[in-house]
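Here's the letter readout for the chains.
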Amino acid sequence: MTAATATPWRANGPSLHAMLQIAGWVGLGLIAVAVSLSDFLASAPANATAIGPLLAAPSADFRFGTDVLGRDMLSETLHGLSRTVRGALPATVVTLFAGALFGFVAARLPRGLALGLRGLIGIAASLPALFLALLAIGLTSRDWVSVAAGLSAAPFAFVRAFDRARQQERTTHSEYARATGISGATLMRRDLVYEFSDTLLSSAARALAAVTIILSTLSFLGFGAVPPHRDLGLMIAAAKSYFLHAWWTAAFPALALTLLILFARLAAGLDEGERA
Amino acid sequence: MLRFAMREAGKLGLGLVGAVLLAAAIAALADRHAGDGALPFLAAWGRALTGFLHLDFGSGAMTGADALGELGTHLPLTLGLVFEGLAVALIVGVPVGVMFGSGPARRAAAPLVQVVSAVPIFSAGLALAYVAATVLHWPVPRGTGVATGLALVPHSGREVEALLLPVLTVGLAGAAAAQLALRRAGAEGARQPWRMHLRRMGLTAFEIETIYGVPQIMAGLLWSLGEVMLALFSAAAVAEWVFNYAGAADLFVKSVALHDWAIVAPILLSFAGLTMIAAFIGRCAAYPLAATGTER
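Chains A and B are the protein sequences, given in the same order. The numbering of the first sequence is the working numbering, which starts it at -17 and goes up by one. The numbering of the second sequence is the working numbering, which starts it at 23 and goes up by one.
A couple of the hints might just be wrong.
[Said to hold, decoys possible] Distance condition first, Cα-Cα at most 20 Å in a straight line; then the derived SDA-like pairs of lysine to any residue: (1) B:K276 to A:A186; (2) A:K222 to B:K276; (3) A:K222 to B:V157.
[Said to hold, decoys possible] Not close to chain A: a few residues of chain B, all C-beta gaps over 12 Å, as computed: (4) H55; (5) T85; (6) M223; (7) I230; (8) E231.
Derived by calculation from the structure, the hints in this document are not laboratory data. The structure displayed is predicted, hence computed values, not measured ones. Yeah, the Cβ is synthetic: ideal placement off N, Cα and C, and Gly gets one too.
Could you build the full structure based on these sequences and the hints that come with them?
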């Protein structure tokens, strides 16, 4: 159980933590709406060039300005956000299964096997997630970028879930359950249900924040989205050559990306000191 | 303490062995026959492992240069960047973290810390470059040209300016990671029952914070040294890419793109090894500082 779910409300109303968590979910909801309606909300289709003058600054006609090919930055940012979210969702699912769920189950395996797995995954966790993702893409292809991002975020989620499950195993209710003859498998099913009903949403939001950072960084480095399908990371990378005299080409995609990660972090109810 | 250090040393040893096995498996991919099936791969893995034991990491597929030589050329640049970034992280992150890591300031700063934690490092790097170029009129490398290999120790004002941006980018990432570790330790410390007991014994809040609180917070930072190193290495990869800095992290990215596994393997091994060693040193240093010595 996270700190957020442990003390979300005070007697006289919601705490700051709970309010930030609600704000995070509202923000993610708004982003979901924007992503679903991106084709409708955007005034130009994705990657439509020569919509306006080249590198026009933000104005009444082009609120986010235009880029070096005359693309409307507002429309491109919406399409890029949509692309980023669509890539991040499967990656989130991969992290939840390969990290959180696998870690929880692995902790209940026979002691030797469990500790062996913990050690193996611990080696992966001692490498930056970005490097793991790069390696996974290098070994496969860019088509697998979502899976690579999900798998690279998984070791940290695995270790966290594993350690939490080991703590649960040492609690009094587990000892009593074992003493009364309840099997390990039954106890694990019971703990799994409670664990995931309590923390599924916050774990998913936490994983979303982590994989979004990895995915966008991969695209920024040229390992993610393939042109003409541009996500926010690729848009920012494309702006690298001319953002010094056309700041809006990088600033608006970066702002959209930061908001997505921020809302996911808030929705996860991450304590200020917690990593995504 | 000795028992704790021995246990941690055991973990470090096992971790390093695992990292060597992983790196050898990656290096084995450079073998022509490794893709022919499980047995040829295992044979290639064995050969790579034997080579590793003799410090023979093979040679790069693109340049034909010795992998160890390439590592020797590029790794010092990244290490310099990482350690200079670590210095920035400590100079910026620790005072800010201690200041906002405890008491009412911790809650007040929480939303700001959330926003800062949400900014991807490449966005922060570009923002720094923009400020440096437009406000300070510093030279900022742009485009995706060949890495310039900036000098590790700058010899002129121009080189200092060019080196400052990647160092600051890495340092900010490190400061953010240090900040998170300090806040986590501060939050844990705030929940400890010994605070109330010390108050009842007549100690003032200031005494409790300085004598007991700050060492606990510093122990928290040291305990998370491995995590800080991970953040620094990730940031180094991005900073080297953004600022055309020819370090090992940049070489890693390019080598993965070119499937040059003989170069990828030793870089990965050195990064994993350094992170594990930093985590080991941090934990051993944190142990006596933490009053209870309990594991996090």
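Here is how each hint holds up against the structure:
no.: 1; hint: B:K276 to A:A186; verdict: 32 Å, violated
no.: 2; hint: A:K222 to B:K276; verdict: 18 Å, holds
no.: 3; hint: A:K222 to B:V157; verdict: 18 Å, holds
no.: 4; hint: H55; verdict: 17 Å, holds
no.: 5; hint: T85; verdict: 18 Å, holds
no.: 6; hint: M223; verdict: 28 Å, holds
no.: 7; hint: I230; verdict: 20 Å, holds
no.: 8; hint: E231; verdict: 17 Å, holds
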